[in-house]
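Asker: This is what each chain is made of:
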Amino acid sequence: MQFFFNFGRYLVLMKKAFGRPLNFRYFLRQLVAEIDAIGLNSLGIVAIISVFIGAVLVIQAGYQMQNPLIPAYTLGYGVRESIILEFAPTIVSLILAGKIGSSIASQIGTMRITEQIDALDIMGVNSASFLIFPKIIAGLLSFPFLVLISMMIGITGGYLAAVLWGISSSANFIAGLEYWFVPFEIVYAIIKATFYSFLIVSISSYYGYYAKGGAVDVGRASTKAVVYASVAILLSNLILTKLILG
Amino acid sequence: MIEVKHLCKSFDDKQVLFDINAVFEKGKQNLIIGQSGSGKTVLLKCLVGLFQPEEGQVLFNDRDFTAMNEKQKKNVRKEIGMLFQGGALFDSMSVMQNVMFPLQMFSDMSKAEQITRANFCIDRVGLEDAHSKLPAEISGGMQKRAAIARAIALNPKYLFCDEPNSGLDPKTGVVIDKLIEEITQEFQITTIINTHDMNSVLEHGDYINYIYKGKLWWKGDKTNFLATDNPELQDFIYSTEILKRLKPSR
Numbered sequence: 003m004q005f006f007f008n009f010g011r012y013l014v015l016m017k018k019a020f021g022r023p024l025n026f027r028y029f030l031r032q033l034v035a036e037i038d039a040i041g042l043n044s045l046g047i048v049a050i051i052s053v054f055i056g057a058v059l060v061i062q063a064g065y066q067m068q069n070p071l072i073p074a075y076t077l078g079y080g081v082r083e084s085i086i087l088e089f090a091p092t093i094v095s096l097i098l099a100g101k102i103g104s105s106i107a108s109q110i111g112t113m114r115i116t117e118q119i120d121a122l123d124i125m126g127v128n129s130a131s132f133l134i135f136p137k138i139i140a141g142l143l144s145f146p147f148l149v150l151i152s153m154m155i156g157i158t159g160g161y162l163a164a165v166l167w168g169i170s171s172s173a174n175f176i177a178g179l180e181y182w183f184v185p186f187e188i189v190y191a192i193i194k195a196t197f198y199s200f201l202i203v204s205i206s207s208y209y210g211y212y213a214k215g216g217a218v219d220v221g222r223a224s225t226k227a228v229v230y231a232s233v234a235i236l237l238s239n240l241i242l243t244k245l246i247l248g
Numbered sequence: 041m042i043e044v045k046h047l048c049k050s051f052d053d054k055q056v057l058f059d060i061n062a063v064f065e066k067g068k069q070n071l072i073i074g075q076s077g078s079g080k081t082v083l084l085k086c087l088v089g090l091f092q093p094e095e096g097q098v099l100f101n102d103r104d105f106t107a108m109n110e111k112q113k114k115n116v117r118k119e120i121g122m123l124f125q126g127g128a129l130f131d132s133m134s135v136m137q138n139v140m141f142p143l144q145m146f147s148d149m150s151k152a153e154q155i156t157r158a159n160f161c162i163d164r165v166g167l168e169d170a171h172s173k174l175p176a177e178i179s180g181g182m183q184k185r186a187a188i189a190r191a192i193a194l195n196p197k198y199l200f201c202d203e204p205n206s207g208l209d210p211k212t213g214v215v216i217d218k219l220i221e222e223i224t225q226e227f228q229i230t231t232i233i234n235t236h237d238m239n240s241v242l243e244h245g246d247y248i249n250y251i252y253k254g255k256l257w258w259k260g261d262k263t264n265f266l267a268t269d270n271p272e273l274q275d276f277i278y279s280t281e282i283l284k285r286l287k288p289s290r
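Residue numbers (my numbering), protein chains in the order written: chain B, 3 to 248; chain S, 41 to 290.
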């Protein structure tokens with residue numbers, strides 16, 4: 003019952019959030035600030051995680067592919083597929099759900115409990131649209147780039163680990179990267195990432211927007227935002243994968 | 041003028057406000073007083089439209105706010121300024137940006153005119169040196185003054201203040217009360233102040249509405265206030281030893 007209540011209220015909030023901005027120039031300024039907060043400020047963590055995961059993937063895959071019957075290019079091929087299909091869009095989004103989701107929920111939640119949202123409402127500003135819409139658009143614009151960057155850095159990390167530790171030769175690894183490459187896989191990853199960005203921003207905004215009480219409750223809202231955004235990502239990952247590749 | 045007719049408000053099964061009827065006049069400081077939990081904040085939130093009452097009307101110069109759609113309410117909201125208990129300044133914006141905000145959203149002014157108006161409001165509340173400061177960098181009293189500057193930026197017809205001097209030292213509290221009084225008279229605003237500070241009531245209240253257990257228990261002007269024979273109001277007024285000494289003997 004609680005699920006249906008929350009889901010209904012979430013849909014109503016999203017309808018409100020997609021309202022026309024009152025002042026378009028002000029909206030653009032907010033959008034730039036949100037792209038900075040959601041996109042640029044996440045570059046560091048995305049880069050660090052991607053390079054290490056790429057390297058670890060290569061070491062683990064290299065360990066399991068010591069059989070001489072397995073072609074030498076398989077390592078590069080496997081790493082490419084893992085990173086493009088699953089790691090870059092889904093794992094990076096799960097990590098960003100923690101970073102961005104908690105930040106959005108606590109920011110909007112604090113505004114709620116300090117009556118800043120009431121102040122917007124009383125002025126006649128659509129608080130949902132004012133606070134949430136720029137974040138959603140910034141997420142939709144930033145996530146595909148973050149995922150593309152994650153793919154590049156992840157594969158580079160894997161390549162460096164393979165070559166530097168002698169797990170594979172440079173030529174074999176690159177041959178694997180090029181082997182049977184389907185460009186649609188990149189599109190598939192971007193579609194997933196775009197969808198996840200909407201889930202992360204909207205779910206976190208929902209829990210922040212309806213926070214009540216004090217600092218502890220904002221903390222709880224923030225935790226719920228991360229948990230439910232992560233569950234929503236995993237569930238939608240299954241559905242999207244089945245729909246697009248199944 | 042704001043008129044409230046037969047206003048009732050409940051939360052789930054609990055009724056919080058019972059058949060409130062009141063008139064808040066222009067150019068006067070209309071006080072809503074009462075103990076914590078009596079329903080005065082709920083009443084104030086019903087008046088500004090943050091809560092929708094189950095029954096009754098809130099009339100802003102004969103316009104029924106409770107029966108309006110969102111678009112019509114938006115037009116009335118442009119005439120409302122509100123001072124929140126904690127100031128509710130946008131903490132990512134400077135004092136100047138906070139005061140500019142309603143002008144940017146709702147006025148047709150040019151950028152230069154907006155700056156002139158914001159400067160006037162900030163100077164009017166005595167924050168000449170705080171234009172570029174963030175809310176976290178200024179004191180509680182200064183935050184309240186900045187919030188007043190933001191509330192009057194669009195020349196409101198109605199000013200709502202929720203416990204304007206709570207959390208302030210007595211001297212700063214008096215400064216805020218005095219500022220609200222001056223602004224009310226200077227701009228002929230209908231001001232409604234929600235308070236339980238007896239100093240504010242006795243010094244600055246033009247008309248007083250006492251809420252007791254969700255009902256409008258007593259209303260009248262300052263002169264009748266101290267001489268009331270209403271036992272619940274007497275109990276509220278003379279709750280401290282100092283005030284008990286001021287109680288007129290009969």
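To be clear, the hints were calculated from the coordinates, so they are not data collected in a lab.
Be aware that one or more of the hints could be misleading.
Below 30 angstroms or equal to it, Euclidean Cα-Cα: the simulated DSS-like pairs (lysine-lysine) are [stated by the list, open to error]:
hint, chain 1, residue 1, chain 2, residue 2
1, S, Lys287, B, Lys18
2, S, Lys111, B, Lys18
3, B, Lys214, S, Lys114
Asker: Mind listing which of the numbered hints don't hold for this structure, in increasing order?
Answerer: Checked against the structure, the only hint that fails is number 1, while the rest are satisfied.
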